[in-house]
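Asks: Protein chains in written order, with this note's numbering: chain Z, 1 to 214; chain A, 1 to 347.
Watch out, some of these pointers could steer you wrong.
Straight line, CA to CA, 27 Å or less: simulated DSS-like cross-link-like pairs of lysine-lysine [stated by the list, open to error]:
1) Z:121 <-> A:159
2) A:86 <-> Z:160
3) A:86 <-> Z:56
4) A:166 <-> Z:56
5) A:166 <-> Z:24
6) A:261 <-> Z:188
7) Z:57 <-> A:219
8) A:265 <-> Z:161
9) A:159 <-> Z:24
10) A:34 <-> A:166
11) A:133 <-> Z:57
12) Z:56 <-> A:159
13) Z:191 <-> A:219
14) A:34 <-> Z:56
15) A:133 <-> Z:56
16) Z:56 <-> A:265
In silico negatives: residues of chain A with every beta carbon more than 10 Å from chain Z [unchecked claim]:
17) 59
18) 131
19) 240
Hints in this document: simulated from the structure, not taken from any laboratory. Just so you know, even glycine gets a beta-carbon here, dropped at the ideal spot from N, CA and C.
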Amino acid sequence: MPLAEILKTMHDAVVGFDDEGARKAAEQLIAEGFDPFTGIMEGLAGGMNTVGELFKKQEYFVPEVLLCAEAMNAGLAVLSPHLKAGEARSEGTVIIGTVQGDIHDIGKNLVKMMLEVGGFKVHDLGVDVPHEKFVEEAVRVKADIVGVSSMMTTTMMGMKKLIPMLKEANPKVAVMIGGAPVTPAIVKMFKADGFAASAADVVVEAKRLVAAAN
Amino acid sequence: MKPKERVMRRLKRQEVDMTPVGCTTAYGALCLMKASGYERPLADHDPVAMAGLALAGYTIGGFDWIKAMGWDITAVSEALGCELGKAAIDVQHFIATHPFESRSLDELECPPDLLSRGRFPVYKEQFRILKEKVGDEVAIFGMSEGPFTCAANLMGTSKMMRSTIKDPAGVEKALAVTTEALIQVINFAFSQGADYYCMADPTSGSTLLSPRSWDRFVKPVMTKIVERSNGPIVLHICGETDKIIPSMCDTGLAGISIEEKADLKLALEVAHAKGVAVFGNVAAATTLFMGSPEECYKESQAALECDVDFLAPGCGLAPASPLENILAMRKARDDKFKAPEFKGATL
Chain Z
1 MPLAEILKTM HDAVVGFDDE GARKAAEQLI AEGFDPFTGI MEGLAGGMNT VGELFKKQEY
61 FVPEVLLCAE AMNAGLAVLS PHLKAGEARS EGTVIIGTVQ GDIHDIGKNL VKMMLEVGGF
121 KVHDLGVDVP HEKFVEEAVR VKADIVGVSS MMTTTMMGMK KLIPMLKEAN PKVAVMIGGA
181 PVTPAIVKMF KADGFAASAA DVVVEAKRLV AAAN
Chain A
1 MKPKERVMRR LKRQEVDMTP VGCTTAYGAL CLMKASGYER PLADHDPVAM AGLALAGYTI
61 GGFDWIKAMG WDITAVSEAL GCELGKAAID VQHFIATHPF ESRSLDELEC PPDLLSRGRF
121 PVYKEQFRIL KEKVGDEVAI FGMSEGPFTC AANLMGTSKM MRSTIKDPAG VEKALAVTTE
181 ALIQVINFAF SQGADYYCMA DPTSGSTLLS PRSWDRFVKP VMTKIVERSN GPIVLHICGE
241 TDKIIPSMCD TGLAGISIEE KADLKLALEV AHAKGVAVFG NVAAATTLFM GSPEECYKES
301 QAALECDVDF LAPGCGLAPA SPLENILAMR KARDDKFKAP EFKGATL
């Protein structure tokens, strides 16, 4: 089967949340000797980009997106071991987590998926992350971007304290914030660097922040 | 017109002297705690403090009606098995564990002693205190999480979401149990003196769930709850709701409560055509929390201009919301209807 056809099958399997289909297409790509990196970026990630657009247009909702991500991961599990060392280029390194006191994570997990699919290396700190942990990890992994999520006004106020702490540890780090109560006005008030209203827009914004820093 | 009469008539879409103003979500605001002397987290578990803070909505906050049953939407989930996170004066109780994320749903059932569990005995006592204090003057509403949010708390939101596609029977099983629990809790509230009952079901909103799934899973159970309840039901869903408002109204409930992201004009058109009242929609997470009193006044005015049935915040009040902001809603209502300035109310 020609590469283009396999990539389309992989893309469609992700969009159709077909784990088995994604896995089989990935296996076929390897069997035919094609480049797994192309499979990941154009097949799987391509599929997730389409999913992101469907989510933005409100044709897909959270259940669909979560299941599409599962299909993508099924394909990724087949392709990743075949990647040549150093092949996986990185757009940048991201730390992501839900702010201290907050345990909501669906939005954060969707953002993480989109960033990974967009070529970023993402370290997920989970939920209820103490400010000090964000700072420590950002320094340890030399994060280009720190993504902080909150679903509640109370926990959102924690971001106001966290952002200066991150900047003090590394003035060049870009901080992206998000979650239901976060608005562009809050981003300005808290002196964060970036914001995306939807998980679908996060990769463009993250790339902008990395480019601005370099 | 007494505030209670105003609220209950408006809930039946009958003529009133002026638009009721108040809050149909949690109002555990620090300013009300300080002014009344009843603070959280004591007010989450102590009936006297709970009732005292509830009454502060009327005596200090300018609300036409008051809330029973505490300051978060976790009580039913707790009684069904979820553990709660630690609360603080400005941190509501939150769901810390999802027992049915790993356990089989076959083990999920509504316990026969549901109303002896968790905070229900406390609620019983605080209802008694509230009825004694306000009698027939001020309407009281009971509140908790709704059936879908409760089921998602039990299963974990991510598993619940995926199950709506991969395991619909599992979702229906979980909803059957939370529905049964809610009918008991709601009728308990009515038997203790609640005048209406509000369910908050944010996890079922269109920010997360498709309108098609709302119709498939939530509408039938909501309809059943409304049918079996011994009083008027209001449904609060924050976030995106425009596409599900017709379905919400079709469940037979008395009122819907929406936030600033919803199109209030459209909601009123749809709801009124189906005989349903609308509560809302002054922005709680932004304007009431961080805006100026003038901005709160303007948003209240805009909602009143649309002829909202109940002027209220679009979601739970953020704890740090300033009193002047909360009172701006009352002022906007009083100015529009030329009512005397609010200087506090006595019981």
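Asks: Hints numbered earlier in the text: which of these fail when held up against the supplied structure?
Replies: 3, 8, 10, 11, 13, 14, 15, 19
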